[in-house]
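Colleague: Here is what each chain is made of, one letter per residue.
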Amino acid sequence: MSIVSGAQMTGDLDVDCDVVIVGSGAGGAVMATELALAGKRVIVLEEGKNVPAAEHGAMRQSESLRHVWREGGMTTSLGLFGAPTINVTMGRVVGGSSVVTGGVCFRVPDSILRVWSRDMELADFTPEALDPYYRHVEEAIHVEEVPVSMRSRSTELFAEGAAKLGIPVHPLRRNTKGCNGCGRCNFGCPHSAKMSVDLSYLPRAIEAGATLYTDCLVDRVTMKGNRAIGVEGRLMTGPVGTKKGKLRVRAKRVIVACGGMHSPLLLRASGLGHVGSHIGRNLTLHPGFRVYARFDRPVRGWQGALQSAFVDAFEHDGVTLTSLFVPASVIAATMPYAGPKHAKLAEQVDHIAMFGTMVHDDGGGSIHKNPFGREPISFYQCSPEDHVRMRFGMRKLADCFLAAGAKEVFLPILGSDGLTPDAYRRFDLDRVPSSRFEAASQHPLGTCRMSKYAGDGVVDPWGKVWDTEGLYVTDGSILPSSLGVNPQLTIMMAATRIAWRMRDENFSS
Amino acid sequence: MTQVLSDSARRDAMAFGEALFARTLDQAPPADRMAWFITDLDDFVAHLNVRARMLFRLCLFVVTWIAPIVGGRMSRLASLSLPDRIEALEALERTPLSLALFGARAIVSLVYYEHPDAAREIGWDRKCLTAVRAEAGEAREEATVTT
Numbered sequence: 001m002s003i004v005s006g007a008q009m010t011g012d013l014d015v016d017c018d019v020v021i022v023g024s025g026a027g028g029a030v031m032a033t034e035l036a037l038a039g040k041r042v043i044v045l046e047e048g049k050n051v052p053a054a055e056h057g058a059m060r061q062s063e064s065l066r067h068v069w070r071e072g073g074m075t076t077s078l079g080l081f082g083a084p085t086i087n088v089t090m091g092r093v094v095g096g097s098s099v100v101t102g103g104v105c106f107r108v109p110d111s112i113l114r115v116w117s118r119d120m121e122l123a124d125f126t127p128e129a130l131d132p133y134y135r136h137v138e139e140a141i142h143v144e145e146v147p148v149s150m151r152s153r154s155t156e157l158f159a160e161g162a163a164k165l166g167i168p169v170h171p172l173r174r175n176t177k178g179c180n181g182c183g184r185c186n187f188g189c190p191h192s193a194k195m196s197v198d199l200s201y202l203p204r205a206i207e208a209g210a211t212l213y214t215d216c217l218v219d220r221v222t223m224k225g226n227r228a229i230g231v232e233g234r235l236m237t238g239p240v241g242t243k244k245g246k247l248r249v250r251a252k253r254v255i256v257a258c259g260g261m262h263s264p265l266l267l268r269a270s271g272l273g274h275v276g277s278h279i280g281r282n283l284t285l286h287p288g289f290r291v292y293a294r295f296d297r298p299v300r301g302w303q304g305a306l307q308s309a310f311v312d313a314f315e316h317d318g319v320t321l322t323s324l325f326v327p328a329s330v331i332a333a334t335m336p337y338a339g340p341k342h343a344k345l346a347e348q349v350d351h352i353a354m355f356g357t358m359v360h361d362d363g364g365g366s367i368h369k370n371p372f373g374r375e376p377i378s379f380y381q382c383s384p385e386d387h388v389r390m391r392f393g394m395r396k397l398a399d400c401f402l403a404a405g406a407k408e409v410f411l412p413i414l415g416s417d418g419l420t421p422d423a424y425r426r427f428d429l430d431r432v433p434s435s436r437f438e439a440a441s442q443h444p445l446g447t448c449r450m451s452k453y454a455g456d457g458v459v460d461p462w463g464k465v466w467d468t469e470g471l472y473v474t475d476g477s478i479l480p481s482s483l484g485v486n487p488q489l490t491i492m493m494a495a496t497r498i499a500w501r502m503r504d505e506n507f508s509s
Numbered sequence: 510m511t512q513v514l515s516d517s518a519r520r521d522a523m524a525f526g527e528a529l530f531a532r533t534l535d536q537a538p539p540a541d542r543m544a545w546f547i548t549d550l551d552d553f554v555a556h557l558n559v560r561a562r563m564l565f566r567l568c569l570f571v572v573t574w575i576a577p578i579v580g581g582r583m584s585r586l587a588s589l590s591l592p593d594r595i596e597a598l599e600a601l602e603r604t605p606l607s608l609a610l611f612g613a614r615a616i617v618s619l620v621y622y623e624h625p626d627a628a629r630e631i632g633w634d635r636k637c638l639t640a641v642r643a644e645a646g647e648a649r650e651e652a653t654v655t656t
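Residue numbers (this note's numbering), protein chains in the order written: chain V, 1 to 509; chain E, 510 to 656.
The following block holds chain V by itself, in its conformation from the complex (with noise of 0.2 angstroms):
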């Protein structure tokens, strides 16, 4: 059994197995891995490409756009009643958002679990008796922490200015083993260092049996009467994925993992999604924003680790703060003006730290289908903690640069030019309406979420799709609510324990 490409498939795909599985992402390859240790016979359908370490290292980032991201990193979740427009970046990729995320992992806060397991009734969900999954998850994909001396120089800088002000930073964990701090986590880790799961789950799966499908679309669940009996689409080929043969698979389980935004349309295509139904709601999206600061000396924050620390004394205000980096051509990118005024500001981008917050939100996005093409529209409102959130946020942030000695903050403020301690004293954020943050987020979460009560959601707290048998989700969508913190490990975790009721499971029926 192997990596098959479905691009270079000829005729069609037709096939029998114990369990199929829709994506390869943090849940799915958790998934077919303990199931096909399990012994049973699993095949893994993933619409993007396998792309090897090193074809990761012989990409510029912008290439890995193109080839590794979904949309080239270009999808936007809409901000309606005054909410910011969202950009939601995906990974469309064997390992799925695995592959282009910094690598962070976070148990989920015990503040949240305690909103999940006595608010929602999911009794199962504590420290205690999540800490056998979340061992086993953090042991197979090596989470470590970050050590102080792997930090860049923004990094230091902010928590410099942090420690002025009395605020502790802590170093984050993450999936690596061997990081030589690149900073080039979100593009593809060219060293093989980030433990993604196309490194860590996925060639277990596949050494025990599991065959996974590239190139794959899958249109639908196959049902008969309320049962899922296999899935169907077609083969893709081409950069943007020109359809070709025909997709069955028949299985005995059918699991759904294309992630927050793609999970809930793939079951409405399958006929499931009454009037009323949750399938698609709730949509949360951690929007994160950035706040840059110039210092009088070169900072050059892409040398180090992309993520390395971070701050929690806001967890009971909403907001996590994190460190982060984005390439020196994204940050000339939100630099205001055009021409000289332009290039000026751009050439100060080695003098530039950054760091980043990320709201725990609570307002309701929802994901609808595109008439017009297969990837979903979407659109994300703001509760008004939200947007009081975002705010405090940002200050914080752009405190602790000030602390550090930054000679000017540029708040992520579309088109804001940069502020000086005096002027940033004088500026009054309260007054910028939320819809002109410049935003961005990698978690979709919700859309599928699980429930103790069939009318209160989508699946059930084994993530079987309610009222049906044989359906599950098991990807960042089924998560009953926002985490606050990075959701790899916890969908990992969620998979994990999904994936061992259901391996004592008599699969004849």
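Just so you know, these hints were derived from the structure itself, not from any lab.
Be aware that a few hints might be false.
[Claimed, not checked] If you only want the chain V side, here are some residues facing chain E, beta carbon under 7 angstroms, derived: (1) 71; (2) 72; (3) 181; (4) 332; (5) 338; (6) 350; (7) 414.
[Claimed, not checked] Pulled from the structure, derived: some chain V residues nowhere near chain E, Cβ distances all over 12 angstroms: (8) 14; (9) 116; (10) 121; (11) 124.
[As the list claims (entries may be wrong)] With a cut-off of at most 25 angstroms between alpha-carbon atoms, the simulated DSS-like pairs for lysine-lysine come out as follows: (12) V:369 <-> V:246; (13) E:636 <-> V:344; (14) E:636 <-> V:369; (15) V:452 <-> V:464; (16) V:49 <-> V:369.
Note that the structure is a prediction, hence the values are computed from the model and not measured.
Yeah, the Cβ is synthetic: ideal placement off N, Cα and C, and Gly gets one too.
Using the hints, position chain E against chain V.
Modeller: Same frame as chain V, now just chain E:
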């Protein structure tokens, strides 16, 4: 890879890029660099699906046609002088349509600043931490030997 941007779209992108990246008011970036930029931008767009291509074309349309109007001129951006193009883009940035300018600028900047000369001009050495430390280590060793 076949050309996917029409000749007119390439002209519009070129006019936009020249204005955005000009380092002086009277001179656009070098022609060979801009030619590389347009070729690579075309390849970028060729790998986008229909929706993302339409989104880029929409942003480029706003930059091409609306920016001059906002800047007080009834003309296509490519028909304006370099200083007038720059003025038009800065005028657009002050309007609610700045999101379209941001979208177009993000894509063209990603491509343009990957040209080695453009990267050098903004001080982007693209070195990783290990390489810098290795160089620093070598420098220290050389200094020790010299001493």
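Colleague: If a hint holds in the structure, say so; if it doesn't, say that too.
Modeller: Hint-by-hint comparison with the structure:
1. 71: holds (4 angstroms)
2. 72: holds (5 angstroms)
3. 181: Status holds, d = 3 angstroms.
4. 332: holds (5 angstroms)
5. 338: This hint holds: residue 338 of chain V lies near chain E, its Cβ roughly 4 angstroms from the closest one there, short of 7 angstroms.
6. 350: Residue 350 of chain V check passes; min Cβ-Cβ to chain E is 4 angstroms, inside 7 angstroms.
7. 414: holds (5 angstroms)
8. 14: holds (27 angstroms)
9. 116: holds (35 angstroms)
10. 121: holds (39 angstroms)
11. 124: Residue 124 of chain V is indeed farther than 12 angstroms from all Cβ atoms of chain E, at 40 angstroms.
12. V:369 <-> V:246: Holds. Residue 369 of chain V to residue 246 of chain V sits at ~22 angstroms (cutoff 25 angstroms).
13. E:636 <-> V:344: OK: residue 636 of chain E and residue 344 of chain V at ~22 angstroms, within 25 angstroms.
14. E:636 <-> V:369: Given that 25 angstroms is the threshold and the Cα spacing comes to 43 angstroms, the pair is violated.
15. V:452 <-> V:464: holds (11 angstroms)
16. V:49 <-> V:369: With a Cα-Cα distance of about 24 angstroms, the restraint between residue 49 of chain V and residue 369 of chain V holds, given a limit of 25 angstroms.
Checked against the numbered hints above, the structure breaks only hint 14 and satisfies the rest.
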